[in-house]
Amino acid sequence: MNDARTSPIRAAIFDIGGVLTVSPVHRIIDFCRRHGIPDEVRYAIFAPHDGPWGRFERSEIGPEAFAAEFDALVHPTGAAVTGREFLEWFGQGFEPRPEMIAVVRHLRGRLRLGCITNNVPADGRGRERPFDPYELFDVVVESSKVGLRKPDPRIYLLACEQLGIAPAEAVFLDDLGENLKAARALGMVTIKVDPSPSAIDELERILGWPLPRQHEDLS
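Note that the sequence shown covers residues 1058 to 1276 in our numbering.
I should point out that these hints are in silico values taken from the structure, not numbers from a laboratory.
Everything numeric in this text was worked out from a predicted model, so none of it was measured.
Heads up, a few of these hints could be off.
[Unchecked claim] Ranges of calculated distance between the beta carbons of each label pair, as one might list FRET restraints:
#1 1219 to 1095: 35 to 43 Å
#2 1136 to 1162: 39 to 47 Å
#3 1137 to 1214: 41 to 49 Å
#4 1218 to 1162: 20 to 28 Å
#5 1132 to 1162: 40 to 48 Å
#6 1132 to 1266: 49 to 57 Å
[Said to hold, decoys possible] The calculated DSSO-like cross-link candidates involving lysine-lysine, where the alpha carbons are at most 30 Å apart (straight line), are:
#7 1202 to 1238
#8 1249 to 1238
#9 1249 to 1202
All C-beta atoms, glycine included, are put in the ideal place defined by N, C-alpha and C.
Work out the full structure: start from the sequences and follow the hints.
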């Protein structure tokens, strides 16, 4: 966390996965372990900026190309799962975090609200959700649409430009340290989100306002 600033906070910018929903990183790790994909192969697919997943999140390759690269890395290990099966599973939606969604809704009308998310192109499969997280925000910046992904500084600057603010006027919430480090280097106030309520406590301290500690009914 970093709250040294000279400008008042005018906007809150949130990640989606790991902040408003359960972390996709943990879901991917669990999936790979269940299917016997070795950790080093999982890393090669999902971790590098220029790996198959990183390029898919920037729409540099499509789902068919990603699935083919997944298969090329996974099949030699003997794991009996395909890239198509992974994508079908991954697209089945994410478990929301109602306590964080309640905070975002509480902030509407009080701050400009933005979202920066590393995501993959929607293909219409398995996207049924009890709520649309993007409808909560004034500005949504998706890696798959802008061809940039966190922690590239340009994606944060793009969000700030669209929100009409300077980076120092934003508080940014994410679950990954490398994404927070990049935002902090630009002058943003940053908060690391984990499964505990500590992020809400920290946001409340920074803003100086009481925030809800409640679960939203998303049905």
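Going through the hints against the structure:
Between residue 1219 and residue 1095 the beta carbons are some 41 Å apart, a value that agrees with the proposed interval 35 to 43 Å. Between residue 1136 and residue 1162, the C-beta spacing of about 41 Å keeps the proposed range 39 to 47 Å intact. Between residue 1137 and residue 1214 the beta carbon distance is about 44 Å. The supplied range of 41 to 49 Å therefore holds. Hint check: residue 1218 to residue 1162, Cβ distance near 25 Å, so the stated range 20 to 28 Å holds.
Checked against the hint of 40 to 48 Å, the C-beta distance between residue 1132 and residue 1162 comes to roughly 45 Å, which is consistent with it. With their beta carbons about 53 Å apart, residue 1132 and residue 1266 fall inside the hinted range of 49 to 57 Å. With a C-alpha separation of about 23 Å, the suggested pair residue 1202 and residue 1238 falls inside the 30 Å cut-off, and the hint holds. Between residue 1249 and residue 1238 the alpha-carbon distance is near 10 Å, which keeps this suggested pair within the 30 Å criterion.
A hinted pair counts as satisfied when its Cα atoms are at most 30 Å apart, and residue 1249 with residue 1202 qualifies at roughly 25 Å.
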